[in-house]
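Visitor: Listed below, chain by chain, are the residues.
There are 2 protein chains.
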Amino acid sequence: MRDINQFTITEAVKKSFRTEEGSRFEQLLHGLIDHLHDFTREQQVTHEEWMRVLMFLYDCGQISTPERHEFILLSDVLGWSALVDMINTRGGATEGSNLGPFYLDDAPRKPLGSDISDGRDGVTILVHGKVTDSLHNPLPGAIVDTWQADGSGTYPIQEQAQGQDKMDLRGVFEADASGRYWYTTVLPKPYTVPYDGPVGELLRAGNRHAWRPAHLHYIVRHPGMAAITTEVFFEKMDYLENDAVFGVRKSLVAKVSPAKDVDALGYEVAAKPDAVVEFDFILAPES
Amino acid sequence: MRDINQFTITEAVKKSFRTEEGSRFEQLLHGLIDHLHDFTREQQVTHEEWMRVLMFLYDCGQISTPERHEFILLSDVLGWSALVDMINTRGGATEGSNLGPFYLDDAPRKPLGSDISDGRDGVTILVHGKVTDSLHNPLPGAIVDTWQADGSGTYPIQEQAQGQDKMDLRGVFEADASGRYWYTTVLPKPYTVPYDGPVGELLRAGNRHAWRPAHLHYIVRHPGMAAITTEVFFEKMDYLENDAVFGVRKSLVAKVSPAKDVDALGYEVAAKPDAVVEFDFILAPES
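Each protein sequence line maps, in turn, to chains A and B.
Read left to right, the first sequence gives residues 1 to 287 (the working numbering).
Read left to right, the second sequence gives residues 1001 to 1287 (the working numbering).
No lab work stands behind these hints: they were computed from the structure.
We put the beta carbon where it would ideally sit given N, CA and C, even for glycine.
Hints may be right or wrong, so weigh each one.
As the list claims (entries may be wrong) - With the Cβ distance kept under 10 Å, some of the chain B side facing chain A (calculated, not the full set):
#: 1; residue: R1002
#: 2; residue: T1010
#: 3; residue: S1016
#: 4; residue: R1018
#: 5; residue: F1025
#: 6; residue: L1029
#: 7; residue: Y1058
#: 8; residue: D1059
#: 9; residue: L1074
#: 10; residue: V1077
#: 11; residue: A1082
#: 12; residue: L1083
#: 13; residue: T1089
#: 14; residue: T1229
Using the sequences plus the hints, can you model the full thing?
Guide: So this is what it looks like as structure tokens:
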């Protein structure tokens, strides 16, 4: 291997990994090495630039904790997370969008019609819709797991020091026999992704802001169907056109309507809504 | 930006960075985004694979300290460091090779002919040669900064807890009026790069060993010339054909000869050598 040069080194590195021929690991590793080396040759990367990239990754590592995952944030602002979401959206199903850093897998089950805002300030909204397959057949018992920021753009998990409960503004609902789900909550506000670390530095270097449009997070599941992780946004609200993490899709933007006909919907709800948001989830088969 | 899809997102992300048109930052950032997104589309990366990569980077960050830089190690085993070295070698100059993690920028100045081994066990070698420009003109006063592992493959900086001095097996020499340098030391042994972290896991997953062939590290400088960072290896020794970090170049492999004609070289040396290693460094102009 002493005869390698800047053109032959790529094959030498790939060969040095004695991976199972054709395995997925080999495909991904070879693809990664090819792109890394091509990038380096195309850009004629200098030692200073190479070290800058490595120190950036080092700094991302130093600021990361189980609660603050700077590499996911980096993936988000480079549109990598969004691209993976897009590629993995199944035909006919609701489009996927960012999981984000605030999901907890042990949020409390709540009865349909609950209010998950605990009387927080802001606009009270009724959120409702149906969970179906792509032929509009309802999926009774589908699980709708939701979490969100409050009316000032803060997630309770971020403010535990100020006495908020990390389980606030979360709920796991089971759709009824017609696949319907409904609950009330507070309309969330836009907020910024963390920009006090290396990724924030990158945003500033590119004259980019750190704002996300207001949204509700969802994971929706049903036996035999592929679970979807997605977000619901609101028409005419800020940052829909320049979400810092590229999470918005046209199909995920819901209308917010005045609550004049709430009674006609026939839902029992714990809090009187000011407005109504309707969003239907469509799941595709698992296999 | 709500109209983006898996094909248009790449341009949207590039545009979101309002970088100076044509700037180096823009070139590198756009190149990086293009390759990351192309890789993802080509490989149809799944959520699990995406998260595996992010957790790998997270783990690299967690094990990293100022003394243990797992990202440089990752760059090394992927041949990225070597490729950057190759691209940045100037025509006519000695080829560059890995800086590695053990360089200290405040190693002690030592007189020519010193022994930097402090009587360590092993084969004592006389290392000598000339520092010239590419027309063979000597560069008097050139600085030859060297560091190395010992006769068992360990760097003193790694063994400080066992009473070794981190400045052992290092020296900064100033070439004489003819551009010559010479000193004695112990012939280093092969050693492994750290494989107790995520990069070690990657090596094991690819059935790769962590060994590097024995080598001496150098940074050579002279006013007006581009400094070179490189390594000198030894003919017929182990791992020349499968260095874990792809540092070996044909032109960097030196001959190790029995010390029969040392007196004829006319050097004053502090220790009697068993063998002789000759290596000339060629520097190219800075601009």
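Visitor: Please go over all the hints and tell whether each is borne out by the structure.
Guide: Structure-based check of each hint:
no.: 1; hint: R1002; verdict: 4 Å, holds
no.: 2; hint: T1010; verdict: 7 Å, holds
no.: 3; hint: S1016; verdict: 6 Å, holds
no.: 4; hint: R1018; verdict: 4 Å, holds
no.: 5; hint: F1025; verdict: 7 Å, holds
no.: 6; hint: L1029; verdict: 7 Å, holds
no.: 7; hint: Y1058; verdict: 5 Å, holds
no.: 8; hint: D1059; verdict: 9 Å, holds
no.: 9; hint: L1074; verdict: 8 Å, holds
no.: 10; hint: V1077; verdict: 8 Å, holds
no.: 11; hint: A1082; verdict: 6 Å, holds
no.: 12; hint: L1083; verdict: 5 Å, holds
no.: 13; hint: T1089; verdict: 9 Å, holds
no.: 14; hint: T1229; verdict: 8 Å, holds
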